Amino acid sequence: MGWSGLWSPGFNPQQTLKGPCGYVHRLSLKRENNQKMSNVKSIDDVIINVARIIIDELMIEDVTPQTFDPEMDLVDEVGIDSMDLATVALVIQDEYGIRIDEDDYPKLTNVRLIAEYINNKL
Amino acid sequence: MQTHWKFSDILADPVIRTRWQRVKKYFFLRESTYDMTNRCNIRCEGCYFYEGDKQFVTENNDAELWRDLMVKEKERGITFVVLAGAEPALVPELLQTCYREIPLGAIASNGLKFIPETIGYRIHISVWGNDQTSQAVRRADRMLERQIKNYKADPRAVFVYTFTSGNIDQIRDVAPILAENNCPFTFNMFSAPVGYTGDLRHTPQTLAKTRDVMLEMLETYPEHLLFSHYNITAHTHELGLHDLFQCSYPRMNPHEDVGLGKTFRQYRADLTWDRNAACCVPDTDCTDCRHYAAGSAVVTARLFRHATDPDTFKAWLDYVDTYLAVWVMGYEKGENLSPHFVEPPGRT
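Quick note, the sequences are listed as chains P and E, same order. Sequential numbering from 1 applies to the first sequence in our numbering. Sequential numbering from 1 applies to the second sequence in our numbering.
This is chain P alone, in the form it adopts within the complex:
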């Protein structure tokens, strides 16, 4: 089952997301029923917060934490690179008080993976 926490009634699926190096990528927005899953709330929060960190740090335009597709590949679809990922990893370390191994952060290539990684460390 796809991720259920990211639907946004007002969001235009044709909206584009401008990456930090000028790439333009199409958001593949998951529109699903807003079904509640009892044990998902906490990871939902983490996903939204990670999306916020990425948007803030990389100054990504035209997208909000709520409309950021957590499955979107940050490297291939958003166009961010290792330096950007390292920056995001540093901020996440700060915010969650966890330690990210430098061998791990290149593997954290979408918001969902990052959120799951954080939850496993908490």
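By construction, these hints were calculated from the structure, which means they are not laboratory data. It is possible that part of the hints are untrue.
Straight line, CA to CA, 25 angstroms or less: simulated DSS-like cross-link-like pairs of lysine-lysine [claimed, not checked]:
id	chain 1	residue 1	chain 2	residue 2
1	P	LYS107	E	LYS25
2	E	LYS24	P	LYS107
3	E	LYS6	P	LYS107
4	P	LYS121	P	LYS107
5	E	LYS262	P	LYS107
6	E	LYS262	E	LYS72
7	E	LYS24	E	LYS6
8	E	LYS6	P	LYS121
9	E	LYS113	E	LYS152
A quick note: this is a predicted structure, and the numbers were derived from the prediction, not measured.
For chain P, the structure is supplied; the task is to place chain E on it using the hints.
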């Protein structure tokens, strides 16, 4: 004394934050390198280009095919080109073609043939000692004089002095001439090609001596020398760049998910490339690599492990600031933030 630093604590220092924000704007740079021709107008001892197979390919001089390549490179995200081997000044029309498609980049040249001003890339002019040494190692007369004549007051030019084991003191002859002519310069370290058995390879003793001389130059020519204490540390350490920082170029980096391991290619003059050979100075002995071009990527990529405390992070910022000033047209070097030597951090 604080022993554990959050990244936000480090950035709370306004000087650090300002420099961080300045260099961060350049994180969009994605480089690849290109051998433009197999030909050169001189032949230097220990030249990495004339090692391995790349010198034997049939060079492609079709400007239209080069344009197509640049278009495709742009499409896959390359934003910065390094045009090298053997002597790119011999094919100015191809340089122009590249510049039209990807306007950020640098050319590695011996500086003996002027590259037209319409090609607005950074130009790195290689200097290997005083004129006597250049005559012996590069078989070229009055080299520095001719290089300066071509590129004095040219905003594209950065002179790159390569320290070998045999020319360390000669920077004391060369640096005043460069400074008098208002030529910015930086340092490179001779890094032996695979199988090299000549006399230019560094030893622990020559590395230590180079370190001392580099520091002397940094103190004597702060206006003209683009370098920092951390550059000195990283490039004169007994361990090479790979052992210190784990090289991020494909040749030594199996990861293809992100970063140089994913995007970097080193094209030969026939427009082919080989992932197993891909790095900025192919056919260099990786254990001996202290090359300035390698460091620019390898040290810079290790942001994560340098964000541990203000001193280490300032040293890294100095390195990145230097790298940008050396490689990117229009980027002005700031004042170094770290006035002392910082040991490279280990893995996090």
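Restraint check for LYS113(E) with LYS152(E), where alpha carbons must lie at most 25 angstroms apart
Holds, at about 13 angstroms.
Would you check the hint for LYS6(E) and LYS107(P), treating anything up to 25 angstroms between C-alpha atoms as holding?
Answer holds: LYS6(E) to LYS107(P) is near 22 angstroms, not above 25 angstroms.
Quickly compare the C-alpha distance for LYS6(E) and LYS121(P) to 25 angstroms and report which way the hint goes.
It holds: about 17 angstroms lies between the C-alpha atoms, which stays within 25 angstroms.
Restraint status (C-alpha distance of LYS24(E) to LYS6(E) at most 25 angstroms)
The given pair, whose Cα atoms are some 18 angstroms apart, holds under the 25 angstroms limit.
Can the restraint linking LYS262(E) and LYS107(P) be considered satisfied, given a maximum Cα separation of 25 angstroms?
13 angstroms, holds
Does LYS107(P) pair with LYS25(E) here, judged by a C-alpha cut-off of 25 angstroms?
24 angstroms, holds
Given the hinted pair LYS24(E) and LYS107(P), is their alpha-carbon gap at most 25 angstroms?
22 angstroms, holds
Decide if the proposed pair is consistent with the structure: LYS121(P) and LYS107(P), CA atoms, cutoff 25 angstroms inclusive.
Satisfied, since the Cα-Cα distance of roughly 15 angstroms is no more than 25 angstroms.
Is the Cα-Cα distance between LYS262(E) and LYS72(E) 25 angstroms or less?
15 angstroms, holds
No hint from the list above goes unmet by this structure.
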